[in-house]
Amino acid sequence: MKVRVEVTRRPEIADPQGTTIQRALHDLDYPSVTSVRVDKVFHLEVDGDSVDQVRSQVVAMCREVLANPVLEDFEIEVTP
Amino acid sequence: MTVAVVVFPGTNCEHDVVSAIQRLGGEAEVVWHRKTDLSAYEGVILPGGFAHGDALRTGAIARFSPIMSEVSRVADAGLPVLGICNGFQILCEAGLLPGALIANRDLAFICRFIEVEVVDTDTVLTNAAEPGQRLRIPLNSYEGNWVDPSGTGRVVAKYTEDPNGSQHAAAAIANERGNVVGIMPHPERATDDILGSEDGMVLLQSFINVLVPA
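Each protein sequence line maps, in turn, to chains A and B. First residue of the first sequence: 1, per the working numbering; consecutive thereafter. First residue of the second sequence: 1, per the working numbering; consecutive thereafter.
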């Protein structure tokens with residue numbers, strides 16, 4: 001199954017890369033941009049019998065390694 | 001009494017650390033990250049570099065290296081554990097220190113001497129220093145911006161300016177017990193006049209001071 005995992009930094013944690021990109025967009029005359037956040041997307045292919053089983057495995061992977069619980073949240077989409 | 005200096009694939013400061021410890025009269029040995037027994041050592045240093053190429057996040061893969069469960073055991077036993085630069089990042093990822101390290105505020109790789117002020121002398125990195133002592137030490141990092149949403153981190157030394165946006169301007173932090181410390185600048189690179197400073201000596205001397213026979 002194909003699994004898409006989006007790992008996002010929590011809004012209260014600074015994102016220096018996003019801030020720099022926002023500044024560059026303003027310099028390029030896009031003053032309407034009020035926020036930029038740069039996050040991570042993982043594309044996994046995982047063997048499994050059911051969507052629920054795969055999802056719970058990927059949740060465990062996120063908690064253990066793919067996301068840093070100090071800074072980040074995650075969302076998972078499983079496509080059978 | 002020997003210090004284990006752990007090497008992961010991509011670590012690059014191990015010999016500087018060994019050499020600095022030896023200059024202070026201590027003994028140190030390079031130990032590969034796949035080793036699973038540290039019982040022959042009285043302290044552990046995780047040196048700087050780019051463990052596992054910084055894949056995923058700095059320290060995120062190193063945290064699962066076989067040696068890390070042993071580093072946790074040693075830390076729980078109260079032995080001195082020090083992470084320098086990338087080693088600091090690994091200790092945070094491993095949960096042995098609070099918080100995490102993100103990219104520097106201005107997205108610059110900072111590579112220059114900075115000044116830190118010792119604010120807590122009750123740790124394995126600072127017991128030989130004076131409170132308020134200022135030290136000139138090289139900083140060499142991109143992800144040196146420490147954030148601690150938990151607010152539990154104990155600041156050991158802070159920058160006298162703010163080079164990277166680190167919370168409380170922290171340059172070094174400790175666990176509650178003070179036996180696990182992470183420092184972003186490199187004390188081992190300030191251990192000889194020829195390197196431009198000897199101010200790192202007092203920090204590494206502190207570490208050697210607390211080694212007790214295994």
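Please note that the accuracy of each hint is not assured.
[As the list claims (entries may be wrong)] Quick list of simulated restraints, FRET-style, between CB atoms:
1) A/Asp73 with B/Asp162: 25 to 35 angstroms
2) A/Glu12 with B/Phe109: 21 to 31 angstroms
3) A/Glu12 with B/Asp106: 16 to 26 angstroms
4) A/Glu45 with B/Gly10: 50 to 60 angstroms
5) A/Asp73 with B/Gln22: 31 to 41 angstroms
[To be verified] Covered by chain B, according to a simulated footprint, are these stretches of chain A (three or more residues, beta-carbon under 8 angstroms):
6) 16-22
7) 57-71
Keep in mind the hints are simulated off the structure, nothing from the lab. Where a beta carbon is used, it is the ideal one built from N, C-alpha and C, also for glycine.
Results for each hint:
Roughly 28 angstroms separates the CB atoms of A/Asp73 and B/Asp162, a value that falls within the hinted 25 to 35 angstroms. As the Cβ distance of A/Glu12 to B/Phe109 is approximately 26 angstroms, the hint placing it in 21 to 31 angstroms holds. The hint said 16 to 26 angstroms for the Cβ distance between A/Glu12 and B/Asp106, and at roughly 20 angstroms that hint holds. With their beta carbons about 27 angstroms apart, A/Glu45 and B/Gly10 fall outside the hinted range of 50 to 60 angstroms.
Look at A/Asp73 against B/Gln22: about 46 angstroms separates their beta carbons, and that is not inside 31 to 41 angstroms. Only residues whose beta carbon comes within less than 8 angstroms of a beta carbon in chain B count, and the segment 16-22 of chain A has 3; three or more means the coverage holds. Check on the segment 57-71 of chain A: 5 of its residues sit with their Cβ under 8 angstroms from a Cβ of chain B, so the three-residue criterion for coverage holds.
Consistency note: the structure conflicts with the earlier hints numbered 4 and 5.
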